[in-house]
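Visitor: For reference, the chains in residue letters:
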Amino acid sequence: MRRAAVAVVKYASLVVASVMMLLPVALIITGSFKTNQEFLSTGPFDAPENWLNLSNYATAFTRGGMLLGFANTAIILVAAITGTILIGAAAAYAIDRFTFAGRRVTLALFLLATLVPGVTTQVATFQVVKALGLYNSQAALIVLFMGTDIISIYIFVQFMRSIPRSLDEAAKIDGAGHLRIFLQVILPNLKPAIATVIIIKGIAIYNEFYIPFLYITNPDLRPISTSLFAFKGPFGAQWEVISAGVVITIIPILVLFLALQRYVYNGFTSGATK
Amino acid sequence: MALMTPARRAPGRAVDPSARQPGRRVTARRGRDRVVPYLFVLAPIVLLVTFTYVPVANMFFYSVTDWDGLDRVKNFVGLANYVDVFTEPDNLRVFVVSLYYLGASFVQMALALYFATILSFRVRLKNLWKGILFFPYLINGVAIGLIFLNFIRPGGGLDSALLAVGLESVIRQWTGDPEVINYTLAAVSVWRYMGLNFVMFLGAIASVPGEIYEAAELDGANRWHQFRHLILPAIKPIVGLSFILAISGSLSVFEVPYIMTNGGNGSETFVIRTIKMAFENNKVGLASAMAVVLLAIVLVVTWIQRRLVPEERVDLT
Amino acid sequence: MLLTRTTRTAVVVAATAAMLGLAACGGGSAGEGGESGAQDMDPETCGPAGDLTVLTWRTDLVEDGTFDDYVATFKEAYPEIGDVDIQGITDYEGEVKTRMSTDDYGDVLAIPGSVAPDQLSQFFEPLGELSEMQTQYRWVEPESFEGLSYGIPVVGNVMGAVYNVEVFESAGVTDFATTPEEFLSDLEAVKAAHPDIAPLYTNYKDGWPLTAWQSYAGGVSGDPEYTNGMTTDEAPWSGGGDMEVIDGLLYDVVAQGLTEADPTTTNWEQSKQMLATGQIGVMMLGSWAIPQMQDAAEAAGETRDIIGYMPFPAQVDGTFHAVAGGDYNLAINVHSSNKCAARAWIDWFNHESGFSESQIGLSPLVDGPVPESLQAFIDQVELVEMAPAPEGQESLFSDIDTESGILTTSPDYRMKIVDDARSGARTKQQVFDDLNAAWSEAIQAVSGG
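In order, the protein sequence lines correspond to chains A, B and C.
Following the numbering used here, the numbering of the first sequence begins with 1 at its first residue and continues without gaps.
Following the numbering used here, the numbering of the second sequence begins with 1001 at its first residue and continues without gaps.
Following the numbering used here, the numbering of the third sequence begins with 2001 at its first residue and continues without gaps.
Simulated from the structure, these hints should not be mistaken for lab results.
C-beta atoms are modelled at their ideal positions from N, C-alpha and C, and glycine is treated no differently.
Check before you lean on any hint, since a few could be wrong.
As the list claims (entries may be wrong) - Facing chain A, from chain B, some residues (calculated, C-beta under 8 Å):
1) F1115
2) I1147
3) L1218
To be verified - In silico DSBU-like links for lysine-lysine, alpha-carbon gap of 35 Å or less:
4) A:K191 <-> B:K1126
5) B:K1074 <-> B:K1236
6) B:K1130 <-> A:K10
7) B:K1130 <-> B:K1276
With these hints in hand, go ahead and build the complete structure from the sequences.
Guide: Dropping the structure here:
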């Protein structure tokens, strides 16, 4: 009897929570299929007249510049993630496999930097980016995403330790230089760590709003999140188009999540604790 | 500190293996070896210094000047900006606003803990529930802002839902009422971030081996005892970490209130105000002082937290 | 010890970074004709060619293709011109201001309201001697400094309020209110006749529409020297002065519940349609808003003349006054590498594009015509053109404004008035007292320093 009551409470709470999580999103989805008139005249729970009305999606893509947004995001993602991986792995390699003067200081610098929330320093970072002549360029975002990411270096250092030293030493005996060891021994063995970094970093960059908002004003260079933000202006009276834009933005992440669920969970649990 | 050990404890490894080999090549090789680690660490350090340390140092410098962000001259004004941060009512107000988010993050942790506990025992459709609770965390902040603008607008989804279940009396101006707005925005923040806490807690609970639960069950421990004596200790470090994240997170709230209300009607947060001061009001000095204060709070909280909960997991061991 | 070392490193790196940055910029512009002044800017002789980037606040005209037509016609006139990139910016003031702290803010842009006159030369190319420009253009003084003009307005506005004629008439209001009190009772009448509508719509959420209220300053008293006078007036929000009347009216309409119920969910694009269809009575906006409202009326199946334009409810000796002034002034980025083409665009835009007529505004040209649909309004009011600041004090107002933290050009302080009026956190008098205190303190600080 008590067991049953507990089960009821348990499932009821799960159902209630799920409804709360899903309802706001579901309403955006239904809204995105409505016409302008329909959106204004029908209630939020009324189903759209035509579930195949994709005109809002067409508008979001053509006039809202979402395609360009995706292209820009892709460029930034690929460049920043490649950079992060190379840089993170290189730093981890140096820190874990070498003893050198200044190693302690280097380590301390990285440790200390994790405590500085990026959001606090943007006022001053802005001046640096400006002085480097990077303002209003995708390079600014790429460099910032690469340079302010200490978490990935952590993940790499952590993982580097599980790669047996005997591997690099064997390569060394075969006459391999450090660069070759790094590229041919270390990097391939870091694959699981690289996968983790790609996932958490990829999602973070895809969703990042603050940095592109601050550094990119040219509409042609905007990534997806600020492209969507710009919808608020010209489409302010067309919430059905905004809804379509929101859905379009969510789809890639949803697909990725469904396909790679386990890795995504692992990535976030390991990424967050380090 | 644990990071130091591996190099030293590597079994049977001399400081430099090539040193044993005789001949001229050795010195050449040793010289090169000395440079190598620096080459590998150069790019990360340059980026780290340029985009973290230089800004932090500059920020301290700007914070004692009256710089407007454009002028060539920066006049030294001492602590005037800091006095402003703590005396100007509009500046103090943002601290009050962050309390709403801090409060919300406790609610968020409690909910996350509840669901993590439930889902670490046997439940049907476990993965489905897990996915639904976690997914909001992956959604773009702009999209979340827009989703909720649509959801809470007068006559929108929330109002209609409340109407449908007979809770008309609960309906408010969700962002229009100054008494309600910060609760609304903080609730959106719970909606967004609960999933992350939940998955982290779930991971920590899963790290307790299943046999221990079985043994406990045999000993006659009920669910509460299991929670109290097995689950809670397992997740203590994660809860500690979530605590810091909650405090620094509640002070650096930006996206949702910026997108949903632009900081209007008393919902201005620390970061929104900093940006407005720096870029719209031309008070880079004041904005920097605000940022320094924020940074100081985060550092102090982290320090206290590390003192209270000696961390095994945050360290790199 | 640690701190000093870190700081020193930081300084070195910062210096290096700054040098790199400077070197990069220097290289860029030197190759293309050098810094300010070196380029010939007379479109007749310099031969406009090459690419051009134009920043505009009219996202609606970018969106509906109007700007595409402008670009096509412009290119017909100057076939050597390459790509013209029109960038529409929604939050124009905020974004452009941020962008101006770098070199990259287009070739042609409108000068944001918050740029102080003494900063003009830092950002913009001088377009000519003020005295010479005045023979051709109106309203060039506000964006001039030390005898040089930096921007030319695209259109002139008069400041009144757009309203729905039918809404007011059906509420029995047929005459323009002559005092704020009368205006409030007119709005009460509107509310009584149409309980479900917003008699006055603030457009609070978008913020920028609230900045229009500042433009009534000078129009209330009909005093062209009003803003200049504020630089010595330690209590502008008292004694029936313009600021007190304007902000008092804002406080009162909100406090008396004559505005939209939930200001945080207002929507600019939607407000046009709402005014046209009678869900809004009146909006306090310059004459530039008239054509947009009329278009919305037409789109909603109403007639264009359902949109009317009324003066601000205040009279001096039985006469309404309305401030007339330039809308945004077009200017050339001082760092532009194609100033010749930029100048060609500005001149073409003012003389050939037909923009000001299409916007039902006053022409920026001295001998330009007054559009017919504005004539009726202008006949009923006396236009006031605000006097430029006396020489040497061009920046005084904006210095005090910034120092006080009030920032009359930003929406924030009027948003706060709306907040206070709704919540009652501060009474109207407290609001005024605080504003006066901040203002007089700033006057002291600016004159003292």
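Visitor: Find the hints from earlier in the document that the structure breaks and name them by number, from lowest to highest.
Guide: 3, 5 and 7
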